[in-house]
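J.: This is what each chain is made of:
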Amino acid sequence: QQQVKQSPQSLIVQKGGISIINCAYENTAFDYFPWYQQFPGKGPALLIAIRPDVSEKKEGRFTISFNKSAKQFSLHIMDSQPGDSATYFCAARGSNYKLTFGKGTLLTVNP
Amino acid sequence: EAGVAQSPRYKIIEKRQSVAFWCNPISGHATLYWYQQILGQGPKLLIQFQNNGVVDDSQLPKDRFSAERLKGVDSTLKIQPAKLEDSAVYLCASSRQPLEQYFGPGTRLTVT
Numbered sequence: 001q002q003q004v005k006q007s008p009q010s011l012i013v014q015k016g017g018i019s020i021i022n023c024a025y026e027n028t029a030f031d032y033f034p035w036y037q038q039f040p041g042k043g044p045a046l047l048i049a050i051r052p053d054v055s056e057k058k059e060g061r062f063t064i065s066f067n068k069s070a071k072q073f074s075l076h077i078m079d080s081q082p083g084d085s086a087t088y089f090c091a092a093r094g095s096n097y098k099l100t101f102g103k104g105t106l107l108t109v110n111p
Numbered sequence: 112e113a114g115v116a117q118s119p120r121y122k123i124i125e126k127r128q129s130v131a132f133w134c135n136p137i138s139g140h141a142t143l144y145w146y147q148q149i150l151g152q153g154p155k156l157l158i159q160f161q162n163n164g165v166v167d168d169s170q171l172p173k174d175r176f177s178a179e180r181l182k183g184v185d186s187t188l189k190i191q192p193a194k195l196e197d198s199a200v201y202l203c204a205s206s207r208q209p210l211e212q213y214f215g216p217g218t219r220l221t222v223t
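Chains A and B supply the protein sequences, listed in that same order. Residues in the first sequence are numbered consecutively from 1, following our numbering. Residues in the second sequence are numbered consecutively from 112, following our numbering.
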């Protein structure tokens, strides 16, 4: 049972454009929603995270929008750069601080 | 601060053979996690340790997978015997606080 659904599976954006990745969850007990960035051959690295009592969090070019009633959250990458090309995973934290990950989005930013 | 170390980085074995992976977490991190990441999917938690005790191993195939955390620091994950569907990247992560997990580079396992 997939508890965190992520879309799209892949995304191509031009340099300077906005990249948007969406996630939806079902378990209302989730209390922390991080996004991870993974480059080939590397482990995932925490990019930005949000708690459900906040509707938006911004760090530099990265913004998380959170809609608690719809049980959805999204990552926006403003002014996308070729160096942002990576796989992005959303996740949700449940009991015992266990993270459940989405299936990932392969982002390609063309120069 | 040194990151999470894992070895080996790559391993190729035949089905029914055994294999072991090693993880050294960031110093001072009490919580250690092993994840399985199949190509094209997100990481799936196999087992979580708090110091040297198991917190969650609900998704660990215990008939073939085992893990231990020696003295609450290093950890090993073993597969015996391996199956073709075990081909994946095995990631180790550690955390001091419950929030942020730091991942190692992973071990890519290919079972032929």
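Hints listed in this document are in silico derivations from the structure and should not be mistaken for laboratory results. Hints are not guaranteed to be accurate.
Unchecked claim - Here are a few chain A residues that face chain B, going by a calculated C-beta distance under 8 Å:
1) LYS42
2) GLY43
3) PRO44
4) PHE62
5) GLY102
As the list claims (entries may be wrong) - With a cut-off of at most 25 Å between alpha-carbon atoms, the simulated DSS-like pairs for lysine-lysine come out as follows:
6) A:LYS103 x A:LYS57
7) A:LYS5 x B:LYS155
8) A:LYS58 x A:LYS71
9) A:LYS42 x B:LYS122
10) B:LYS126 x B:LYS173
11) B:LYS173 x B:LYS194
12) B:LYS126 x B:LYS182
13) A:LYS42 x A:LYS68
14) A:LYS98 x A:LYS15
15) A:LYS98 x B:LYS189
16) A:LYS42 x B:LYS155
17) A:LYS68 x A:LYS15
18) A:LYS42 x B:LYS189
19) A:LYS15 x A:LYS57
20) A:LYS57 x A:LYS68
21) B:LYS126 x A:LYS98
22) A:LYS68 x A:LYS58
23) B:LYS122 x A:LYS103
24) A:LYS98 x A:LYS57
25) A:LYS71 x A:LYS98
26) A:LYS98 x B:LYS155
27) B:LYS155 x A:LYS103
28) A:LYS5 x A:LYS103
29) A:LYS103 x B:LYS194
30) A:LYS103 x A:LYS58
31) A:LYS57 x A:LYS71
32) A:LYS15 x A:LYS42
33) A:LYS5 x A:LYS42
34) B:LYS173 x B:LYS155
35) A:LYS71 x B:LYS189
36) B:LYS155 x B:LYS126
37) A:LYS103 x A:LYS42
38) A:LYS42 x A:LYS71
39) A:LYS98 x B:LYS173
40) A:LYS58 x A:LYS5
Here a beta-carbon is modelled for each residue, glycine too, at the ideal position from N, C-alpha and C.
J.: Holds or violated: are the alpha carbons of A:LYS42 and A:LYS71 at most 25 Å from each other?
T.: violated (30 Å)
J.: For the pair supplied as a hint, B:LYS122 and A:LYS103, confirm whether the alpha-carbon distance does not exceed 25 Å.
T.: holds (24 Å)
J.: If you draw a straight line from the CA of B:LYS155 to the CA of A:LYS103, is it 25 Å or shorter?
T.: holds (10 Å)
J.: Hint check: is the beta carbon of A:PRO44 less than 8 Å from a beta carbon of chain B?
T.: Because about 5 Å separates A:PRO44 from the closest Cβ in chain B, which is inside the 8 Å limit, the hint holds.
J.: Does the structure keep A:LYS103 and B:LYS194 at a Cα separation of 25 Å or less?
T.: holds (23 Å)
J.: Less than 8 Å between beta-carbons is the criterion; does A:GLY102 satisfy it with respect to chain B?
T.: holds (5 Å)
J.: Under the criterion that the straight-line Cα-Cα distance not exceed 25 Å, is the pair B:LYS173, B:LYS155 satisfied?
T.: Roughly 15 Å between the alpha carbons, so the hint for B:LYS173 and B:LYS155 holds.
J.: Is the hinted pair A:LYS68 and A:LYS15 satisfied, with a Cα-Cα distance of at most 25 Å?
T.: violated (31 Å)
J.: Check whether the Cα positions of A:LYS42 and B:LYS122 lie no farther apart than 25 Å.
T.: Distance of about 16 Å is within 25 Å: holds.
J.: Can you confirm whether the C-alpha distance between A:LYS98 and B:LYS189 stays at or below 25 Å?
T.: holds (21 Å)
J.: With a cut-off of 8 Å on the beta carbons, see whether A:GLY43 makes it to chain B.
T.: Check passed: Cβ of A:GLY43 comes within 3 Å of chain B, closer than 8 Å.
J.: Taken at face value, is the distance from the CA of A:LYS57 to the CA of A:LYS15 at most 25 Å?
T.: holds (23 Å)
Consistency with the previously given hints fails for numbers 4, 12, 13, 14, 17, 21, 35, 38, ordered from lowest to highest.
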